[in-house]
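Protein chains: 2
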Amino acid sequence: MKTMSRKLNLVELRSLIRRNQFTQSTSGFAPGHTQVNLVILPKAYAYDFLLFCQRNPKSCPLIEVTDIGSPVPKLTTPHADLRFDLPKYRIYKKGILAEEVHDIEAYWQEDLVSFLIGCSFTFEQALIDNGLSIRHIEEDRNVPMYITNIPCEPAGAFQGNLVVSMRPFLAADAIRAVEVTSRFPSVHGSPVHIGNPEQIGIHNLSQPDFGDTVTLKDGEIPVFWACGVTPQSVAMSSKPDLMITHAPGHMLITDVKDSHYSIL
Amino acid sequence: MKTMSRKLNLVELRSLIRRNQFTQSTSGFAPGHTQVNLVILPKAYAYDFLLFCQRNPKSCPLIEVTDIGSPVPKLTTPHADLRFDLPKYRIYKKGILAEEVHDIEAYWQEDLVSFLIGCSFTFEQALIDNGLSIRHIEEDRNVPMYITNIPCEPAGAFQGNLVVSMRPFLAADAIRAVEVTSRFPSVHGSPVHIGNPEQIGIHNLSQPDFGDTVTLKDGEIPVFWACGVTPQSVAMSSKPDLMITHAPGHMLITDVKDSHYSIL
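Chain order of the listed sequences is S and L. All letters in the first sequence, in the order written, are residues 1 to 264 by the working numbering. All letters in the second sequence, in the order written, are residues 1 to 264 by the working numbering.
The set of hints was computed from the structure by calculation and includes no laboratory data. Check before you lean on any hint, since a few could be wrong.
Within a straight-line C-alpha distance of at most 30 Å, the following computed DSS-like cross-link-like pairs (lysine-lysine) qualify [what the hints assert, rightly or not]:
{"no.": "1", "chain 1": "L", "residue 1": "LYS93", "chain 2": "S", "residue 2": "LYS43"}
{"no.": "2", "chain 1": "L", "residue 1": "LYS74", "chain 2": "S", "residue 2": "LYS43"}
{"no.": "3", "chain 1": "L", "residue 1": "LYS257", "chain 2": "S", "residue 2": "LYS58"}
Computed list of chain L residues with no C-beta within reach of chain S, every gap over 10 Å [said to hold, decoys possible]:
{"no.": "4", "residue": "LEU8"}
{"no.": "5", "residue": "LEU10"}
{"no.": "6", "residue": "LEU16"}
{"no.": "7", "residue": "HIS33"}
{"no.": "8", "residue": "ILE91"}
{"no.": "9", "residue": "ASP173"}
{"no.": "10", "residue": "HIS193"}
{"no.": "11", "residue": "ASP209"}
{"no.": "12", "residue": "ASP255"}
Simulated restraints, written as ranges between beta carbons of each label pair [said to hold, decoys possible]:
{"no.": "13", "chain 1": "S", "residue 1": "GLU179", "chain 2": "L", "residue 2": "THR76", "range": "20 to 30 Å"}
{"no.": "14", "chain 1": "L", "residue 1": "GLU138", "chain 2": "S", "residue 2": "SER182", "range": "25 to 35 Å"}
{"no.": "15", "chain 1": "L", "residue 1": "LEU264", "chain 2": "S", "residue 2": "GLY32", "range": "18 to 28 Å"}
{"no.": "16", "chain 1": "S", "residue 1": "ASP81", "chain 2": "L", "residue 2": "LYS43", "range": "29 to 39 Å"}
{"no.": "17", "chain 1": "L", "residue 1": "LYS217", "chain 2": "S", "residue 2": "GLU110", "range": "55 to 65 Å"}
{"no.": "18", "chain 1": "L", "residue 1": "THR76", "chain 2": "S", "residue 2": "SER70", "range": "25 to 35 Å"}
{"no.": "19", "chain 1": "L", "residue 1": "GLU99", "chain 2": "S", "residue 2": "LEU205", "range": "55 to 65 Å"}
{"no.": "20", "chain 1": "S", "residue 1": "PRO31", "chain 2": "L", "residue 2": "GLU153", "range": "25 to 35 Å"}
{"no.": "21", "chain 1": "L", "residue 1": "GLU99", "chain 2": "S", "residue 2": "GLU105", "range": "44 to 54 Å"}
{"no.": "22", "chain 1": "L", "residue 1": "GLU138", "chain 2": "S", "residue 2": "GLU179", "range": "30 to 40 Å"}
{"no.": "23", "chain 1": "L", "residue 1": "LYS239", "chain 2": "S", "residue 2": "SER133", "range": "49 to 59 Å"}
From a predicted model like this one, the values you see are computed outputs, not experimental measurements. For glycine and all other residues, C-beta sits at the position ideal for the given N, C-alpha and C.
One chain only, chain S, in its complex shape (with noise of 0.2 Å):
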């Protein structure tokens, strides 16, 4: 549950953030600026990551790469420091889940790379333009992410099943988010899959893998789409020494505005 107004203002926001006095899901707050997931990996494993995110554009489409052992993302939040400013980071070792912090200091070295991915919220503002209601927003949640049976094309080191997010919608609503989410290809774009979650692999709705459960209506349909949480599910598979993300939902909030990542 929310306990964080999502009026809050962007400086403001950013400013709690780093203080680590807001550690929520950051779904639905900072409306306009572009979200996105973290990766950080050491250098030796960075080549293979890179290419992984290059044969799997739908869920890893990278926004910006950092110079090795640069905590800044200078190309499109050049003030930030990925150590400090998202609310909530997890620490994955030779693929378990070893702890989830509020910063990365300790973790710190300077072989370190960072990849910021494309997230859906950025769609997300689209979809609500458009007159379509998002679920998890509306029931103040995270949004639901499954693990799916679909493996990810591999690379180097690196394979693992896709992650999916997914928001219900009435049939017309989610031909509409078809359409609205396919201008978007630099942050997931189209769904991956509609309709029978079995058939990717996913028995049971109301227990995502990450995020919150939401309510599915009478009549309506689920929709997927491919999800940055993905590197997690391909670090459980392929147990890198270390791999530091964001907490599922819990993202970077950059300065570059979700329009840009429109086409058309």
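Fit chain L to the known structure of chain S by using the hints.
Same frame as chain S, but now just chain L:
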């Protein structure tokens, strides 16, 4: 000037290219099939170049990156062999164009990584389908390409200026060309410039840096798109020990259909 008929079927065309019997520009051949630019680098440069492509998606939209040492683009054209299947290659040694060759068997090394980069030939078919005429195809020439004064976003060892391809259109057609090519973000997408060439550092349209000159008729506006020959300008500036590329206009013909890369 073309010497082969554009009506050659794909099997025949590929067979001729593999046997070094087709050595001209592939522009206008195999309509509907995606053609790609090629960059081959030793593994030591691969991370920096992959990052360069990520930071410069308009000029270097990656279609595929091969596994280290493999000349086979297994995801898009699994029967192809990148050592033989382009009509002409360029060998850059420390930034100097050392040689043009029709196959690169003699240059192959076990540590080479190949980058397939989207090509504007893909959207040319869409332009033609929209009733626009492509001057360099009309005039049976290679597309004119120019090195601009626009710096690319650097990455590690790689920096240099953007290369653009140019097509002249009347104003109404230029507007339509922007609309049509916007739908193809993964093959350079919308133009980077329209009108006055001087504004992007091009002083003489009749002297392209790559390809052929084409006629600019009264009332026509030159329209400029980011070009996959940019890595060759980058090679000249960055001077890697070895970079093998396609010769401008002499592309790999993949199995993927152009329409695959269209948004909406």
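Going through the hints against the structure:
Between LYS93(L) and LYS43(S) the alpha-carbon distance is near 27 Å, which keeps this suggested pair within the 30 Å criterion. Pair hint LYS74(L) plus LYS43(S) holds up; C-alpha atoms about 26 Å apart against a cutoff of 30 Å. For the proposed pair LYS257(L) and LYS58(S), the alpha carbon gap of about 19 Å is at most 30 Å, so the pair holds. Even its closest Cβ contact with chain S, about 32 Å, leaves LEU8(L) beyond 10 Å, as expected for a residue assigned away from the interface.
Residue placement check: LEU10(L) keeps its beta carbon more than 10 Å from all beta carbons of chain S (closest about 25 Å). Once the 10 Å rule is applied to beta carbons, LEU16(L) is consistent with being away from chain S; the minimum gap is 31 Å. Separation of HIS33(L) from chain S is adequate, the least Cβ-Cβ distance of about 21 Å exceeding the 10 Å criterion. Against chain S, the non-interface label of ILE91(L) holds: every CB pair exceeds 10 Å, the least being about 24 Å.
Chain S leaves ASP173(L) outside its interface by the beta-carbon criterion, the shortest separation being 18 Å against a cut-off of 10 Å. Every C-beta of chain S lies more than 10 Å from that of HIS193(L), the closest at about 19 Å, which supports listing it as non-interface. With a minimum CB-CB distance of about 27 Å to chain S, ASP209(L) clears the 10 Å threshold, and the non-interface call stands. Its beta-carbon lying about 16 Å from the closest one in chain S, ASP255(L) satisfies the requirement of being farther than 10 Å from that chain.
A beta carbon spacing of about 27 Å between GLU179(S) and THR76(L) agrees with the range 20 to 30 Å that was offered as a hint. Distance hint check: the CB atoms of GLU138(L) and SER182(S) are about 33 Å apart, consistent with the given range 25 to 35 Å. The given range of 18 to 28 Å is respected by LEU264(L) and GLY32(S), whose C-beta atoms sit roughly 23 Å from each other. Checked against the hint of 29 to 39 Å, the C-beta distance between ASP81(S) and LYS43(L) comes to roughly 32 Å, which is consistent with it.
For the pair LYS217(L) and GLU110(S), the beta carbons lie near 58 Å from each other, so the given range of 55 to 65 Å is met. Restraint check, THR76(L) to SER70(S): a C-beta distance of roughly 33 Å satisfies the suggested window 25 to 35 Å. A beta carbon spacing of about 60 Å between GLU99(L) and LEU205(S) agrees with the range 55 to 65 Å that was offered as a hint. Between PRO31(S) and GLU153(L) the Cβ separation comes to about 28 Å, which falls inside the hinted range of 25 to 35 Å.
Separated by about 52 Å at the C-beta atoms, GLU99(L) and GLU105(S) satisfy the suggested range of 44 to 54 Å. Distance hint for GLU138(L) and GLU179(S): a CB-CB separation of about 36 Å, consistent with the stated range 30 to 40 Å. About 56 Å separates the C-beta atoms of LYS239(L) and SER133(S), a value consistent with the hinted range of 49 to 59 Å.
In this structure, none of the earlier numbered hints is contradicted; all agree with it.
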